[in-house]
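Protein chains: 4
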Amino acid sequence: MIIIMKSHVADSEIAAVEKKLQAMGMGANVSRGIERTVIGAIGDERKMDKEALEALPGVENVVRVMKPYKIVSRESHAEDSIIDVRGIKIGGKTIQIIAGPCSVETQPQMDSAAQSVAAAGCRLMRGGAFKPRSSPYTFQGVGVEGLDMFQKAASKHKLPIVTELMDVRMLDTFLEHKVDVIQIGTRNMQNFDLLKEVGRIQTPVILKRGMSATISEWLMAAEYIAAGGNHNIIFCERGVRSFETYYRNMLDVTAIPVLKRETHLPVIIDPSHAGGKAWMVPALSRAAIAAGADGLLIEMHPTPAEAWCDADQALTPQELMTLMGELRGIAQVIGRDLG
Amino acid sequence: MIIIMKSHVADSEIAAVEKKLQAMGMGANVSRGIERTVIGAIGDERKMDKEALEALPGVENVVRVMKPYKIVSRESHAEDSIIDVRGIKIGGKTIQIIAGPCSVETQPQMDSAAQSVAAAGCRLMRGGAFKPRSSPYTFQGVGVEGLDMFQKAASKHKLPIVTELMDVRMLDTFLEHKVDVIQIGTRNMQNFDLLKEVGRIQTPVILKRGMSATISEWLMAAEYIAAGGNHNIIFCERGVRSFETYYRNMLDVTAIPVLKRETHLPVIIDPSHAGGKAWMVPALSRAAIAAGADGLLIEMHPTPAEAWCDADQALTPQELMTLMGELRGIAQVIGRDLG
Amino acid sequence: MIIIMKSHVADSEIAAVEKKLQAMGMGANVSRGIERTVIGAIGDERKMDKEALEALPGVENVVRVMKPYKIVSRESHAEDSIIDVRGIKIGGKTIQIIAGPCSVETQPQMDSAAQSVAAAGCRLMRGGAFKPRSSPYTFQGVGVEGLDMFQKAASKHKLPIVTELMDVRMLDTFLEHKVDVIQIGTRNMQNFDLLKEVGRIQTPVILKRGMSATISEWLMAAEYIAAGGNHNIIFCERGVRSFETYYRNMLDVTAIPVLKRETHLPVIIDPSHAGGKAWMVPALSRAAIAAGADGLLIEMHPTPAEAWCDADQALTPQELMTLMGELRGIAQVIGRDLG
Amino acid sequence: MIIIMKSHVADSEIAAVEKKLQAMGMGANVSRGIERTVIGAIGDERKMDKEALEALPGVENVVRVMKPYKIVSRESHAEDSIIDVRGIKIGGKTIQIIAGPCSVETQPQMDSAAQSVAAAGCRLMRGGAFKPRSSPYTFQGVGVEGLDMFQKAASKHKLPIVTELMDVRMLDTFLEHKVDVIQIGTRNMQNFDLLKEVGRIQTPVILKRGMSATISEWLMAAEYIAAGGNHNIIFCERGVRSFETYYRNMLDVTAIPVLKRETHLPVIIDPSHAGGKAWMVPALSRAAIAAGADGLLIEMHPTPAEAWCDADQALTPQELMTLMGELRGIAQVIGRDLG
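Going down the list, the protein sequences come from chains A, B, C and D.
The numbering used here numbers the first residue of the first sequence as 1 and each following residue consecutively.
The numbering used here numbers the first residue of the second sequence as 1 and each following residue consecutively.
The numbering used here numbers the first residue of the third sequence as 1 and each following residue consecutively.
The numbering used here numbers the first residue of the fourth sequence as 1 and each following residue consecutively.
Bear in mind the hints are in silico, worked out from the structure with no lab data behind them.
None of these values were measured; they are calculated from a predicted model.
Heads up, some of the hints might be wrong.
The calculated DSBU-like cross-link candidates involving lysine-lysine, where the alpha carbons are at most 35 Å apart (straight line), are [what the hints assert, rightly or not]:
no., chain 1, residue 1, chain 2, residue 2
1, A, K93, C, K260
2, C, K158, B, K6
3, D, K277, C, K47
4, B, K89, B, K152
5, A, K70, D, K260
6, B, K6, A, K47
7, A, K19, A, K47
8, B, K70, A, K152
9, D, K260, B, K277
10, D, K196, D, K178
11, D, K196, A, K6
12, C, K152, B, K6
13, B, K6, B, K89
14, A, K178, B, K196
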C-alpha cells in the first residue's frame, strides 16, 4: 500500500501514519519528494482497510499495490482451472454451451426443451425453478417440484442441470435434488451469507456478475466462496447496467480478456440476459466465443412466444442449432472446439 | 399497456396480439394510424409481462400505462404515511436524524457513541452488528453480541436502534433483541426472499436503494415488503454507482422529490455512504434536507480515526452537533422542524 | 406520438392537449380507458417537441411512435449502403481494417507505419495530425504538416487516409490535402456546427460515438450530416463511459447488431480506444468482427513504447499481422471476407 | 508519479523504466519491497503521459501523485476567486441567481421575461440565441438577431446577459454584441479549439460539465481556458448521464463540495437541465444552495407551455419569485446572502 501525503504535510502527520501502520503490523518506508511525501506500507495489505489510513490528517490518497483477491487470482495459480461437472469439463480447450428455458414450467415443456438442447449438441442444461422477479405480482417460479421436473427431463439425455439458488434456506433441498451446478444470480452476487454457504460445499457454482459490480468486486465475491473451500467457481458475465435504453443490459465483452488475465477460473457469458432480445443473441454469442469465453448460458424454449417469462429473449430449437454451427466454426479459428 | 406495431404490419400479426391479450384476460383496442398501428390493452396490466407481447411478430414496442407498484404508490394513498418507531414519528413535519457508528465495536465505544447521539439531539441510533464487506479477509462485524451491546448503550438514552439484517436466518434473533428498525442494505435490495420475510412482520424497515437500482425497481422492492402486509417502510437513498471516481457513490438528490411524488412513504438519505468522506457529509446533509428528505442516516464515531470500518466517513461528535444546528435552520426555512 | 394522461384527468385538460396538437398541425385520437385516457397524435412527429406536450397539465407521459431519424434509418432504405473510398468499399461483404498510429510524428515513423499497414493486408490507414488531449500541457499533434507527411507515406502504398477533424475552420485545409475519410471524434459527436459543415461536402465521414451517447442520439448526429446532403457516413463505436475502472471504456458490442438493424450505413469498431491496452485489442477485434462489424479502426505503431501518445494501446506490426489472420478466419465463418 | 511493477519483475525491466524517466527529464527513486518493486518519478509530472510508462514491460500500474490541473487548482490559489460581471460578483459571499428562458423567441417574450427576472430579484439573465438540438429537424434558435433582442430586453433592467456559444466562428459576433458571459455547453466541454479561443479573451465563461465528464476532466477543460490567459471561469454542474430514466439527468450535488475543495473558481448549478421538469426545480435549487453553490442558472418563461423549447422545465415568473424567497432563507442559514 502506498500512502500519498498532501503537499504541505507536517512531520507529526507523517509520524502518525507510521504509528498507525505499526499498530496494523506493517512496516513503513518514507520517501520525501519535492512535491509530495510518499509512504510505502510493508506487509500483507489484504487484511487492511485503506479507509483507516485515509482518515488520518495529511493523507491525500492511499493506493493498493497488491490485488485484494488471492485464491481466485491468476497470480496465485498460473494454470487455467478446469471445473469438472459429472465428467464434462468447463474451462479447458473445449467450449461448453449451456442451454435451456428461462423457467421450468411443465414436464412436457422440460422434456421437449431437454430433447432440443441435446439435439443441438449442448452438454449441460439450464432452467429456473425459483425466479427473481422485479414484481411480486408476476410468476415467481414453480418451486421445488420444478427441480424434479428438471432432473427427470435432463436425465434422459444425461444432461447435468444448472439452476439458480436464491434463498440460503433452500441449499439442502438443492443438494437433495442433486443440482449439478448452482447458479448465484446477479442480484445475489454480494449476498455474502449465501456465498459463504456455497463455499462450504463442493458443488460447482456459476457466479453471475452483479448489475453494476466492478470486476474487482466480482473477483472478491468469488473469493468469499473460495475462502470457504469451494474452488469450483465459474464466472458469468450477463451484461451490466448502463445509460443505453435500446437493450436491457450492456454486455461487457472486455471483461472476458480481463478475467482470463486476472483469474485462473473459467468465464462464461449469458447473451440472453445481456441483450434481452432473441435477435441479438447470435451476434453476442459469436462475439463472446471470439473474445475467448469458455462457454455460454443461453435461453432456448420449445415455443418462445408461450414462455412464462422472458418470452422475447429465448431462441427456438432451430435457432440454437444454427448458432451452434457458427460457434463451432469460430472455436476452430481460435484453436478450440465445442463441447 | 400500449402495443406499438412495426410500420408494415400484417393483419394476422395484429390478430395474434389481440388473441394473446385475450388469453391474458385483457381487452384490446386497435387504432390503425397512417404510420403505425397501435393497440391499447384494457385491464390490470400489473400482472402482465410485457415481454410476452414483445415476443410476438410485428410488435415494435410495448409501453406500460400504469405504474407497476400499487400499495406503496401515492396514487393509491394520497396522504403522507408516518411511521411510528416507539413514539418517534418518521415521515411527518418533523425531520429525524439517525446517527451512530458504522459498526458496533465494544461496549465503551457504543456507550460513548449513544451519549453523543443523544447530546446532539438525535432521537434514533444506528450501528451495524453484521457488516457486508467486499473482502472476506476484513472485519465482518461482531455479530449477535453486538446487538446486546447496542441495546444496552441505546436504552440508557431511550434511543430506538436501527441495524442491518443481511441473513434471513437471523430474523428471529433480531426480533428477540427487539431491534426497532431493520435496515435492508443496498446489496440486498433485490434479495426477494429476505424482503418477503420482513414483509411478514410489523417492524419498520429501512430499505436502502440498490447500487444501481432505478427508482422504479426500488419501489417494486418495497412493494414486495408491502404485499406481505408490512407497510412500515422507509426509503433510504445512499448514493448510486457512477463513472465518477473522486468519491464513492453519486448521491441522487433528485430521487427525493421524485419519491415524494411517487410514494406516500418516508424518504431518508445516507450522506455518509454516498460521498464516503466525512468532509462531504455536512454539504450533502444540508442538500438532502433542503430537497425535502424526511431524515438522515449519518455515521458518527467517538474517535473516527480509530473506527473498525469506514474510518474516513464518520463525523466526530462535535461535527454532528454543529451540523444539527445548520439542519435545524434549513428545516425551519421550508416549514419543518428537527426531531 | 402517444400522450398518456394522468389517472384523474379533467375534460378541459384533454381538450387542451387536442388544441395544442391542432396548433402543431397534428390530429388527435382520444381513447378513454378505465384506468387512463390515452391520446394518439396523428401526423409527422419528427418536427415535434414532446416537451411542449409534457408541459401541459394532466399529461403523465408522452411516447414517440416513430423513429426520430429518417435518412439514416433502415426503414427509409432497406438495403445496406456501401461507402466507396477511392475504390475501396466499406459496408459490403468485405470487411475493412483501417490501421495506423495514434498520431503522426515524423516522416520516417509514418513511412514505416504505412509499410507495415500495407504488409499486413490493410487497405486504409489512420493517423492523427490534430489530437484532442485532456491536458493543455501535453502533445497536441503536429498540425498541418502532419497531413503532408501522412499523404506522402500513405500514397506510396495507395492507402487512402483517415484523419480527425476537430476544428471547423480546418475543413478547407483537409480538402486541399485530399483527406480521404474525415473522422469526427467522440468529443465532437454533438458539435452540431461541425456536423453541418461535413454534411455540405461528399467526403466520407467516420462518426465516432460520443462518450455516453445513446444509440438514438448517435443516429440523430448522423442525421445532421445526412440532412445536409452527405450520406457517406460510417458509424464507429469506440467504447463508452462506465463505472468499471479496470479499462478505459466499455466496448458496446451490442451496438453492432442494433445499428445493423436500425441503419443501412456501415458500422466499424475502434478496439484500441475502447480497452485502452494493446493486450485487449485482439480479443475485442475478434469479438467485433464475429458480431457483424463492417470494419475496424486499429492503432499500430512501428515501436509502440516510443509512441508520442497512447503508447500502451498500439499493436506492433507483427501483432497486427497475426491478428489479421484470425480475423480472416472469423470473417469466413460468417460468410464474409477481409479487405 | 509512482510506477508499480509486476510481482516478478526483471532487473532489466526496472532499468528500462529508469531510462525512460531519464529521457523524459525525470529522476527515479527505486524501492524494492517484498511483494512489489515501486519506482517514484521525481519532477513535473504534468507534461508526462503515463501511457508511455504503462507501455513498458513489467509495469503493472502508474499512479499520478500531483493534480493534473494547475492554474484552476485550489493548491495554486488558496483564496476564492470572485468573477466580476459588470459590477456583479460571482463567487463571493453573495449567491447569484441567473434566470431567463431556454431560448430567445421574440422581442415581446424577451421583454416580458426580463421584466420578471428583474422583479424576482435576479441580477443576471440567461437566454439562448443558438440552440444545440438533438434533432436537425427541430427549432435551432433564432440566431444573431436573437442577441439583439436579448440585449434590448435585458438592458432596460441593467441585467448582464449570459448566452451559449457553439461555433468558434461566432465569437467575434458575440463580442460585438457585448455578450457579458459566454456559456460553453455540455456538448462542447471538450471542444478544445473553442476552449482555446475563449481563453484568449477576458469575457467571463460559464463552463458546463460534459454529459459524463469526470470532475478531473472538467477541471482540465477549464485549464485549457485558463492556460490561454482567461481566468474568469465559472463551473456549472447540470446533471450527468446515468442509468435512471425517471428524469433527464442526475444532478451531481456532491460535485459542489468537491469543486469548492479542488478549485478557487465559482461553482453554479443548472437545476432545470438536470431534472428536466419544472416541478423538480425548487427542490434541486434549494439543495444546490444548501450544499454551497455560488449561484444557479434557472429557466423561467413568461408562459412555459408556449415555450419554443424545453417547455416542461421552465418555471413561471410566480414560481421563480416564490423560490427566491426560499433560497434567501437557506443562504442566510449558511452565512451567505442572495444577489
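Kindly indicate which numbered hints from before are broken by the structure, ordering the numbers from low to high.
When the structure is compared with the hints, numbers 2, 5, 6, 8, 12, 13 turn out to be violated.
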